[in-house]
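*Asks:* The chain contents come next:
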Amino acid sequence: MENLYQTIRSRHSITSKLVVLFLAMSVLPLMVVAGLVYNQARLILTDEVATKLTGIRSNKVILVERHFENIFAKLEIFAQSQDVLQFFNRLSTYQKTKHLANEDSFDVNDPAYRQLYSRFGEKINYFRQDNGFEDIYLIDANSGQVLFSAARKADFGANLLHGPYRDTNLARMWEQVTETKALSIVDFEAYEPNEGQPAAFAGYPVFDEQGVLLGVFAVQLSTTEINNVMQNTSGLGETGETYLVGPDMLMRSNSRFFDDSTILTKQVDSATVKRALTGQSGVEPVTDYRGIPVLSAYEPVDVQGLRWVLLAEIDKTEAYAPLQQLLSTFLIFLVIGVVVVGGLSYLISLSITRPLKEAINLTQEISGGNLNVTLQDTGRKDELGVLYRVLSDMIIGLRQQIEQITEGVNVLVASVSQISATTTQLTASAAETATSISETTATIEEVRQTAELSTEKAGQLSTEANKASHSGLEGKAAVEKISAGMSHIGNQMEAIADSIIKLSEQSQDIGEIIATVDDIAEQSNLLAVNAAIEAAKAGEQGKGFSVVAQEIRSLAEQSKRATTQVRNILYDIQKATGTAVMSTEQGTKAVEAGLVQSTEAGQAITTLAEKIAQAAQTAVQIAASSQEQLVGVDQVTGAMENINLAGAQNVESAKQLDGAAKNLEALGAQLKQTISRYQL
Amino acid sequence: MSVNWNRIYQQLETARRNQTVDFSPDEAAQKQQLLARAELLARRPPESSDSGEQLEVLTFLLGDETFAIALAHIRTVYPPTPITPVPCTPSFIQGIIQAHGKLYSVVDLKKFFKITAHTTPNTQTIIILQSHATGELAVSVDKIITMRSIPPAAIQPALSAANSARTDYIRGITNDPLVIIDAPRILADQRLVVDEEVTG
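Protein chains in written order, with my numbering: chain A, 3 to 682; chain B, -7 to 192.
Certain hints may be false.
[What the hints assert, rightly or not] Chain B is nowhere near these chain A residues, computed Cβ spacing over 12 Å in every case:
id : residue
1  : Gln525
2  : Ile535
3  : Lys539
[Claimed, not checked] Not the full set, but computed from the structure, chain A residues with beta-carbon under 10 Å of chain B:
id : residue
4  : Ser353
5  : Arg356
6  : Pro357
7  : Glu536
8  : Ala551
What the hints contain is simulated information worked out from the structure, not anything from laboratory work. For glycine and all other residues, C-beta sits at the position ideal for the given N, C-alpha and C.
Produce the entire structure from the sequences given, and follow the hints as far as they go.
*Replies:* This is the structure we're talking about:
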């Protein structure tokens, strides 16, 4: 037979369910907690990193602003120095004398200029070197001619108003200063004289003693200083950096991740930059210019209209490294937990499923009809233990029931065969009944004739009964006479008894007389003895007397013997008398009994006479009844026909019964077969 | 059942006649009987072959045994009389009686001889013994049998091995066996001298 236990699919089994349940119960809370912890840690970490980034950013902003303020302060001081004023005055003089004011380019090769240059240029160069400026310019306010350049690049002597560099940021700066007559700065731009490299300029107006604008004192700003500030990555770890971005979203400081300069070459269009350009500041996670997710702290930097953005950023991977470590630790624990819980739950489920498997196999055996199985008591106290015991009881109960059913079926089969036999007999009996009925019908005819005869005989009986009644009266009279006779006999018997008693008394008298005689004989005897003694004493003379004495003694002896005989006879008489008295007594009693019986006989005869009279009456009634009987017999004949019909029906019914018995027999056999499936 | 009354009446008649005959014998018959007796008495007793002195004894029963006492030592035989018991006497002394105007102490011979009897008759006959030397004494016996004459040759001495209570008072035994009691010795017995005081 197929083992049902093995048909259970593993995913439906209690074992797998329990294991899954246990795992879910243990792992889910763990995961939830882990998630919460992770989230919290992430928040805390984010907060911490943001705080750190914000700190660094703010610090850097201050540094940048201070740097520029420093530059501006130096620029202001130097621009207002006498040296610059003097140099400007001389240059203006030189310009006017040579009529160079409207020229596109300023002649710097003239010996007079060289003299000027060598006289003032040295001092300005010192200033340049001391403060790390790229270049220093002196630009004429009216003509826009570059009167002096410390670096002597292509723009030296160029006219910023009409010349080739009129569109450069240097020209714009000159324009702003001459217009505003105040400090001005222009952002980095690719600057052709500077071999196309980015260059930024700051300029300060130079006035003469009368307050007339002479020109602009300008410096080309160095990127080195800002880079130094920005590339100080202390506190930023492996991937942290700070950099500056201009409003054109191009970098204003170098990236730590590129060897080449990134100023104005790397575009940064992240969300934080855009936000910072609108004046906001904050910390947000974004994707940076390298396409790497970072946490970005942003803040706008405003220096004299120079709207820059300072960004302090760190890679998310680094920022969240502790989180990753937490996660991997948790995963290790999770795996260990899953293994342990899985193993334990599997063991627990085994302790449940193993007995269940046994119970299933057992019940399957039972359902297959094998009751000859036993369940070992596991001694367990839990529900499975109870299940075992209940199963055990069930097996015993089933066994008993099957035995009882088997017995019942055997009885049924036996009974059915008996019924079958009985119905056969019934069929035969019904046939016999039919025969008997026809015989009965014939008999009824005879009864009819008998009834007629009865009527006749009843009449005769009535006559005879009347005669008998008369005889009864005569009998009664005779019995009365007998009673009288019996009374007489009784009286006679009493007389006899009295006579006998008298006789007895007289014989007692005789006895007394005899006793006296006996006594006398005894005394005679003694007297004889004494006489003999006296005779003996007398000697020879007394011898004859002795003989006489002896004779007397002998007579006395004879007398004694006679009295003994008389006494015996008297004893016999006494006995006979007793018997006679007893007989008489019995006779008297017999007579009394006879008297009673004769009285009873008289009564009996009277009763008999009465009964006979009743019998006579009854005989008349019998005659009438016989007449009715005749009518009855006719009805019986009619009834017999009905019985005949019923008999035929009986035969039919018996046949049907026989069929039913056969069906029962088949049912019994079927039951027997069903039960035989069970092995006890 | 029919009774032959005629036969009964005949029998009764015969009985009545018999009674009248027996109780009044006629004179001739009486005379004849008396004559016959006289004739019988007149005959001498046959001489015994042993003409020597014969011992006349009275035989009597004590229990189942037959004893005898010589007539010479018997004064008289007395019919059964009520015996008056006397206290402070040996058990074989039955008591005392009055006879011939004298008082006699009565010795129960059965107890005296220590005979254990199976039956004891209702009445005992008293024999009054006498001796010239010692006087008179009454003894009680069960029943008097008869008188006999015993030739002295037939008497054998009693065996001393027998009942010692008897041997002292027995004269001899015949073959019958008949124990002949030596009456003078009983009369001379010191035990019969009653000398007891009632104390207390």
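*Asks:* Does each hint fit the structure? Answer for all of them.
*Replies:* Hints, one by one, checked against the model:
no.: 1; hint: Gln525; result: 6 Å, violated
no.: 2; hint: Ile535; result: 5 Å, violated
no.: 3; hint: Lys539; result: 7 Å, violated
no.: 4; hint: Ser353; result: 106 Å, violated
no.: 5; hint: Arg356; result: 105 Å, violated
no.: 6; hint: Pro357; result: 102 Å, violated
no.: 7; hint: Glu536; result: 9 Å, holds
no.: 8; hint: Ala551; result: 9 Å, holds
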